[in-house]
Amino acid sequence: MPKRKADAALKKKGEEEAEDAAKKQTAGGGDEDDSEDDDDYEGEGGSEEGGSDDSDGDSDEGEGDEGEDEDESSGSGDSEDSFPSASSDEAESEDDEDGEAYKEIDCAFEFFDPQDRDFHGLRALLGTYLDGAAFDLSGLCECVIAQSAVGTVVKSAEDDDPFALLTAFNTARGAAAGATWLAELKAYLTTSCPEPALREKLEKAWSGPGTGLLVSERLINCPPQLAPPLLHFLMEEIEGAATDPAYPEAERSEFAFTRYLHFTRVYSDPQEEEGEEEDGEEGEGDKGAGPGPSGSMGPPPPKKPKTTAGGGAAAGAGASKGKQQQQQPVIVYVRPEDEYLHQVCSWSYTFPVTSRPVAKGDLRPLRCVMCVEAGRVAEARAMMDLVVGNPMAGEEGPGAGGAAAAAPKQGQGKKQEAAAAGGRQAQGQGQGQEAAQAAGGNKGAAAAGPAGAKGKGKAAGGKAGGSGR
Amino acid sequence: MATRTQFENSNDVGVFAKLTNAYCICALGGAENFYSVFEAELSDHIPVIKTSVAGTRLVGRLTVGNKNGLLLPNTTSDQELQHIRNCLPDEVVVQRIDERLSALGNCIVCNDYVALIHPDIDRETEEIVADVLGVEVFRQTVAGNVLVGSYAAFTNQGGLVHPKTSIEDLDELSSLLQIPLVAGTINRGSDVIGAGLVANDWTAFCGLDTTSTELSVIESVFKLRDAQPMNIVNDLRASLIDTMA
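Keeping their order, the protein sequence lines are chains A and B.
Taken in order, the first sequence gives residues 1 to 469; the numbers are from full-length UniProt numbering.
Taken in order, the second sequence gives residues 1 to 245; the numbers are from full-length UniProt numbering.
For reference, chain A alone in the conformation it holds in the complex:
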């Protein structure tokens, strides 16, 4: 993923996000009504095979698509709740000097609880979770869907397949703890771990109480602006589940996480490594598989001129480098939160993905496992928010957290409510409903903007393609 494109794309995404053409009134409510009577076997309607995910993802990321729509600025009432990014909303849809590659299209991203209708989409998204190794994928998807208290998927419309997923499971207790997929995942991580010392740490962390495994998957090239709200919702829901008195104590303690295990995808830049060999530079604060605690507080040291992946402080989610030790790969983070979580983690390791061939000179795919103390997540999030921007900022706070976290507990029957609030539904557990109504607006509000115009959003994107040159 060439860095320059990522930078430019990031800038454009900032403008794109103001897609809540909520200003355009549509009978968006119609969308919510369809479906759902426990008809589990109803096909996914709109999108069929997982392939459509890719095409959606592609078009949404504006790769070579044309965006003619004016950016109807997010001046609508709930602008701080709606999804557009922090950058200003110029009605800009002109070409970059590079032409086609940098045209904008507008997209709306909405955040939902995982539901049964997402089963096939989640299967498509999580299919390569263990890099081609066979595992109980359906079991994983079912666990994601069953855990209504915690977990978020990002879709462009309720009927679509998810682009991104972020959820957390307790590795030692709760419904997921005994699951086949969890055992298979643990085995995979253990065998891929390069050092016995780390293996022990992994084992200890896994079996200890209060460890949350973050299951995070995203389509390639998802805009970095998705990450802060995703993390925001996750942390809010975890906190809510852990403290909500409406839950029994046993359930609450399941979500009282003291540390998180984060298993994610990063890349290494082979050109950097070659450039590395002649400088006997000792990296301070390794970011890789060192036995000691890894993670540094300071900014990366100035790089040798050969550096291609320049430190993109402004670019945020663009390429950024890890520390340099002779044997450490230069890590390129494709998800913004990874970089900052890695900086604050207690230990981590990476291992290469061998299941697909990589062209010479391309970035090499790696998987990274890191353990982050719960207390340090806020630090990482703050750093990330500074760089990427967080439209949800200002809604944090224990009170808001507690109330908002109960948000997803609306029953499916309350769809209309959710529709009004922005299409956020959950499989009902009927708990904390009064808070839910109020807070339903909160979490769903991220989608409130485009709620009325979900269909419109897609149409706008489509129209853009059609009416373009």
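Hints listed in this document are in silico derivations from the structure and should not be mistaken for laboratory results.
Please note: incorrect hints may appear among the correct ones.
Covered, in the sense of this in silico footprint (three residues per stretch, anywhere, with C-beta under 8 angstroms from a C-beta of chain A), are these stretches of chain B [what the hints assert, rightly or not]:
no.	segment
1	1-14
2	188-195
Some chain A residues flagged as far from chain B (calculated, every beta-carbon gap over 12 angstroms) [what the hints assert, rightly or not]:
no.	residue
3	Arg173
4	Gly208
5	Leu219
Pair by pair, the computed Cβ-Cβ distance ranges are [claimed, not checked]:
no.	chain 1	residue 1	chain 2	residue 2	range
6	B	Arg100	A	Ala374	50 to 60 angstroms
7	B	Gly144	A	Thr180	51 to 61 angstroms
8	B	Val93	A	Arg356	32 to 42 angstroms
9	A	Ala359	B	Thr213	40 to 50 angstroms
10	A	Val358	B	Cys87	30 to 40 angstroms
11	B	Lys223	A	Arg199	38 to 48 angstroms
12	B	Tyr113	A	Pro270	51 to 61 angstroms
13	A	Ala183	B	Ser166	24 to 34 angstroms
Every residue gets a Cβ at the ideal spot worked out from N, C-alpha and C, and that includes glycine.
Dock chain B against chain A, hints included.
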């Protein structure tokens, strides 16, 4: 008898395999499990070959065939074409065709007597299909979808189509094809029948997630139970309560 299997975590068996009454083609790569499941069931009766098509594993979606012939897209390489020709019996005519809609498996669906094709397929291709496969060709849609090969699967005994096919469409297709048709799902609610399932006159393969209900529908519409000298009741019971087994 219908069998559940997976190709590398994917339930879409019909993407990675093509099954007819005379041969079976499987995709390369993936664990050997997939290939050996087919081999175990079929190799006593018909050749089971492993190949790629156009360098991809999507053999089920790129090719179409029946006992008379096999059609390959123009992106198939010469080596692949040669390999397939060598492995298949001589009675099966293997031909590479030039067609803009190169995912032949998505655009054409056939049994040994009749074929349905995508409404936009060239006239020339239609003639080749009629010729090589020895079938009567109809341009049709299934539940309003032009990708007939994706949303329908049928054999000489019966067929399964997209769940949202209306009764009128079902009747019309059924009378064109002269076989019983059922509208249903596969792989736990997926409506992409052609990608989720492969079948011939005596056996069928579907994804691991297929529910027992779906499986019993498949076995009944494709008449797979009758093909086996087994007690029908035993079969039915087995497929309905296998989750407890």
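Measuring from beta carbon to beta carbon, are B:Val93 and A:Arg356 in 32 to 42 angstroms? holds, 36 angstroms
Counting residues of the segment 188-195 of chain B that have a beta-carbon nearer than 8 angstroms to any beta-carbon of chain A, does the count reach 3? holds (count 6)
Would you assess whether A:Arg173, listed as outside the interface, keeps its beta-carbon beyond 12 angstroms of every beta-carbon in chain B? holds, 26 angstroms
Outcome for the supplied range 24 to 34 angstroms, where the beta carbon pair is A:Ala183 and B:Ser166: violated, 46 angstroms
A range of 51 to 61 angstroms was offered for this pair. Does it hold for the Cβ distance of B:Tyr113 and A:Pro270? holds, 56 angstroms
Just double-check A:Leu219 for me: nearest Cβ-Cβ distance to chain B has to come out over 12 angstroms. holds, 17 angstroms
Taking 38 to 48 angstroms as the hint, is the beta-carbon distance of B:Lys223 and A:Arg199 inside that range? With Cβ atoms ~54 angstroms apart, the hint is violated.
Could one say that the CB atoms of B:Gly144 and A:Thr180 fall in the range 51 to 61 angstroms? violated, 39 angstroms
Kindly confirm whether 50 to 60 angstroms is satisfied by the beta carbon distance between B:Arg100 and A:Ala374. holds, 56 angstroms
Are there at least three residues in the segment 1-14 of chain B whose beta carbon sits under 8 angstroms from a beta carbon of chain A? holds (count 6)
Is the hinted range of 40 to 50 angstroms satisfied by the C-beta distance from A:Ala359 to B:Thr213? Holds, since A:Ala359 and B:Thr213 (Cβ atoms, about 46 angstroms apart) stay within the stated range.
Regarding A:Val358 and B:Cys87, is the given constraint of 30 to 40 angstroms on their beta-carbon distance met? holds, 32 angstroms
Figure legend: structure checked against the earlier numbered hints; hints not met, in rising order: 7, 11 and 13.
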